[in-house]
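Novice: The residues making up each chain are set out below.
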Amino acid sequence: MSISSHETVTKMVGGLLAARGHEPELLLQHLIAIQQAYSFVPEVAIDTLSAAMGVTRSRIRAAIDFYAFLHAEARGDFDILFSDNITDRMAGSEALRDQLCQRLGVTPEIPRADGRVTVGLTSCTGLCDQGPALLINGLAVTALTPLRLAAIADLVEAGTPLDHWPADFFAVQDNIRRAGLLLSNPETTGAGLRRFLELGPEAALVEIERSGLRGRGGAGFTTGLKWRICRDTDGDERYVVCNADEGEPGTFKDRVLLTRYADLVIKGMTLCAGIVGARRGYLYLRGEYRYLVPHLEEVLARRRGQGMLGRDILGQAGFDFDIDIHLGAGAYVCGEESALIESLEGRRGVVRKRPPYPVVSGFRGLPTVVNNVETFLAAARVIEHGGYWFRSEGTEQSAGSKILSVSGDVARPGIYEYPFGTPVNQVLADCGGGDAQAVQVSGAAGVTLAPAEFHRALSFEDLPTAGSFMVLGPDRDLMAMTRNLAHFFAHESCGFCTPCRVGNRLLEALVEKVAAGHASAYDVEEMRHIGGLMRQASYCGLGTTAANHVMDILDKFPDTFQRRLRATDYTPAFDLDAALSAARAITGRDDAGAHLEEA
Amino acid sequence: MNLLNSFRLDGREVPFTQGQTIMDAALAAGVYIPHLCHNPELAPHGSCRVCVVRAGGRMVSSCTAPAAAGLAVDSDTPDIQASRRAILQMLFVEGNHVCPACQKTGACQLQAVAYYTGMLAPHFTHFFPRRALDASHPDFVIDFNRCILCELCVRASRDLDGKNVFAISGRGIDSKLVIESPTGRLGDSAFAASDRAAHVCPVGAILPKRGAYAVPIGQRLYDRESISQVGDVAANEGRTAL
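Protein chains in written order, with our numbering: chain P, 1 to 599; chain W, 1 to 242.
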């Protein structure tokens with residue numbers, strides 16, 4: 001960089017600091033803004049931030065190295081990342097990426113020599129119902145076709161700024177196919193909040209408890225209990241955090257909820273704040289959904305104007321609450337609540353030790369409620385209609401409804417809301433995926449279902465789910481899914497604990513070995529051995545669930561691996577004879593004695 | 001013994017005080033649970049997972065799990081030792097640990113715990129990462145090949161020395177120890193030989209210069225006694241000439 005551009009960067013960073021603040025917890029937000037401006041984080045920006053925020057350079061570099069969307073080296077002016085979920089691959093994303101690379105003359109992940117463009121991959125971008133999808137400079141482009149990519153290549157070559165690109169490239173459909181208890185007749189006025197003011201915090205909390213609402217992010221902790229613990233824990237401040245880091249491959253319902261039902265989500269957060277006594281909230285939005293920020297800011301501003309956010313909400317003295325949006329930057333693990341809080345505080349998203357749980361010691365070490373987008377929406381509707389209304393649907397331990405993100409080999413991908421207890425069969429029938437070979441329920445960390453299990457009921461009792469529902473049709477090779485998921489976990493492990501950090505990489509290598517036809521029965525046993533250890537000994541839920549997909553394939557679809565195995569006891573992952581080629585070249589030999597026979 | 005303040009570790013009654021972890025109580029009672037990232041001087045970490053035990057039917061790291069009255073804890077059982085062995089094997093293949101050629105052999109906790117759990121070979125496919133050596137500091141050298149990411153130096157520098165010389169950067173298998181200095185080199189950092197961070201490394205990653213092999217191989221700490229008898233490297237400082 002030239003000296004003048006050093007000055008430009010310093011000035012830009014100074015502007016950021018002046019606009020948003022110097023608190024260390026803003027570090028990640030500043031880094032994201034710098035990345036967007038320069039396609040990387042220049043050294044001089046690190047120096048400026050370090051000096052102004054009182055954060056060490058190594059901590060800043062550590063964050064840049066941790067988050068997939070931050071870079072220490074320049075990317076292209078147009079940074080294109082293809083969503084690499086299995087549903088994208090099933091829709092042909094790999095061929096499309098090759099096509100674009102060829103047209104633009106780039107090698108994947110390497111900026112073109114003129115600095116114009118980079119083409120790479122990223123984990124599921126939450127657009128599985130309208131993929132293949134990609135992100136360009138952080139903005140989502142959907143429904144990719146060869147035609148659309150040809151147009152993109154031309155725009156990139158012409159250097160056309162993104163705001164002059166055709167708007168329909170960036171159009172994201174909601175695809176709500178089935179609205180149930182939560183999504184029907186949404187109320188966006190202040191009625192829910194007024195109801196809360198009539199009830200008062202204690203009676204409102206009792207309604208939440210009565211509803212039996214459990215967290216919608218997957219773990220299913222009872223929401224009323226979480227809120228009560230927060231309310232009862234001493235603290236100078238309390239915080240409400242909305243987990244909109246929807247990173248589980250195949251889930252995109254939160255994207256739709258934040259698009260169409262943002263008022264209800266924000267209302268749910270506001271009610272939670274009123275109940276637990278919080279004055280500050282954060283909406284932690286995954287970086288992939290950055291395109292939603294203007295919309296969400298608009299909703300927040302409108303609600304402030306309507307007296308439903310800010311000081312003395314609806315005229316109630318002392319009912320103060322406001323919300324900031326914090327962006328993520330490409331890290332699946334940040335969907336875990338304590339890793340999310342670490343990220344919210346501007347650090348690498350590494351899961352905290354528990355206890356203490358975030359509800360007792362969370363953001364800034366103070367009591368913090370972290371709930372999923374859907375949980376806040378459900379809570380808002382519970383306050384409107386009462387706990388019994390919510391309980392009228394669902395099962396004994398799973399009250400209410402669940403919103404599913406349905407994608408893959410189905411006629412009608414999109415958002416489906418069902419009462420808890422609905423069997424997988426019915427979802428398949430409704431979405432047009434009746435001939436499915438397998439369904440991946442609850443994402444990469446979830447469970448692979450074989451047809452014999454399609455009678456099972458979506459519920460905490462039987463088949464818990466955070467909402468992802470990916471359907472694999474009869475002609476799919478499940479090996480492709482296994483490879484995709486093994487790579488996903490190796491990429492997304494935070495690296496804190498040994499079994500997850502090393503185990504995922506070992507599993508990925510073994511899955512690739514099977515796919516390449518070099519594996520034997522021994523390798524399959526190795527996968528079970530490593531997978532079992534990861535389940536038992538990993539530090540957090542990412543590690544304990546990361547081997548599920550391999551174990552499920554081994555148990556339920558053994559032929560996927562078996563038909564690729566060699567009959568030998570053991571075969572190395574490399575070609576022994578090829579490994580000797582360097583020695584042959586040096587010695588000038590190529591006779592039969594210089595070659596190994598195939599075992 | 002007051003059963004309200006004790007739990008059973010492999011069938012043996014172990015007393016504890018409120019706030020102690022299973023590891024704290026076990027160490028106080030003289031019961032060895034193998035570990036790498038734990039050091040009683042520093043806040044529990046729970047990352048290496050070598051100290052996993054089965055408590056109340058669940059696998060937990062004993063260094064972070066609170067002791068609880070009446071808890072039944074299994075530690076020295078064949079299946080748990082097998083899990084620990086596999087975790088150690090993962091650490092061995094992840095880095096470049098060449099014991100016979102390492103200055104720390106015989107006084108290395110990774111090696112000693114591996115012996116204790118009966119690990120005979122690394123088993124998994126080696127990663128053979130390419131990692132650099134940093135000899136820029138006048139008194140100490142860092143060999144990143146041997147770093148096991150236990151973060152003891154990170155914590156000691158931050159919490160005991162108040163310096164933040166070390167940090168962990170990156171993600172997943174690319175996680176790495178980094179140094180806080182303008183060049184990223186130890187010689188340009190605030191690190192000093194007198195720092196606690198200089199004396200907590202359980203392996204041969206952070207080593208003092210000069211004086212290597214003062215104690216011959218065969219007569220070193222863990223050559224003489226098992227780690228289950230003599231404990232951590234850091235606890236034997238002064239007695240542990242390299």
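Source of the hints: derived by calculation from the structure; they are not laboratory data. Nothing here was measured: the structure is a model prediction, and the numbers come from that model. The reader is advised that the hints may include incorrect statements.
Subject to a maximum C-alpha distance of 25 angstroms in a straight line, what follows is the list of computed BS3-like cross-link-like pairs (lysine-lysine) [unchecked claim]:
| hint | chain 1 | residue 1 | chain 2 | residue 2 |
| --- | --- | --- | --- | --- |
| 1 | W | Lys-163 | P | Lys-353 |
| 2 | W | Lys-209 | P | Lys-353 |
| 3 | W | Lys-209 | W | Lys-176 |
| 4 | W | Lys-163 | W | Lys-176 |
| 5 | W | Lys-163 | W | Lys-209 |
Reference listing, derived: stretches of chain P covered by chain W, where coverage requires no fewer than 3 residues with Cβ under 8 angstroms from a Cβ of chain W [unchecked claim]:
| hint | region |
| --- | --- |
| 6 | 51-63 |
| 7 | 196-206 |
| 8 | 493-504 |
Virtual Cβ for every residue (Gly too), placed ideally from N, Cα, C.
Novice: Are three or more residues of the region 51-63 of chain P within 8 angstroms, CB to CB, of chain W?
Specialist: With 6 residues in contact (Cβ-Cβ under 8 angstroms with chain W), the coverage given for the region 51-63 of chain P holds.
Novice: For Lys-209 (chain W) and Lys-353 (chain P), compute the direct alpha-carbon distance and say whether it is at most 25 angstroms.
Specialist: The hint is violated at about 36 angstroms.
Novice: Okay, the region 196-206 of chain P and chain W, do three or more residues pass the C-beta test at under 8 angstroms?
Specialist: Check failed, 0 qualifying residues.
Novice: Are three or more residues of the region 493-504 of chain P within 8 angstroms, CB to CB, of chain W?
Specialist: This one holds; 11 residues, not fewer than the three required, reach chain W with a Cβ under 8 angstroms.
Novice: Against the 25 angstroms threshold, does the CA-CA distance of Lys-163 (chain W) and Lys-353 (chain P) hold or violate the hint?
Specialist: holds, 23 angstroms
Novice: Please work out if Lys-209 (chain W) and Lys-176 (chain W) have their alpha carbons no farther apart than 25 angstroms.
Specialist: holds, 22 angstroms
Novice: Can the restraint linking Lys-163 (chain W) and Lys-176 (chain W) be considered satisfied, given a maximum Cα separation of 25 angstroms?
Specialist: holds, 19 angstroms
Novice: For the pair we were handed, Lys-163 (chain W) and Lys-209 (chain W), check the Cα-Cα distance against 25 angstroms.
Specialist: holds, 21 angstroms
The structure is inconsistent with the numbered hints 2 and 7, although it conforms to all the rest.
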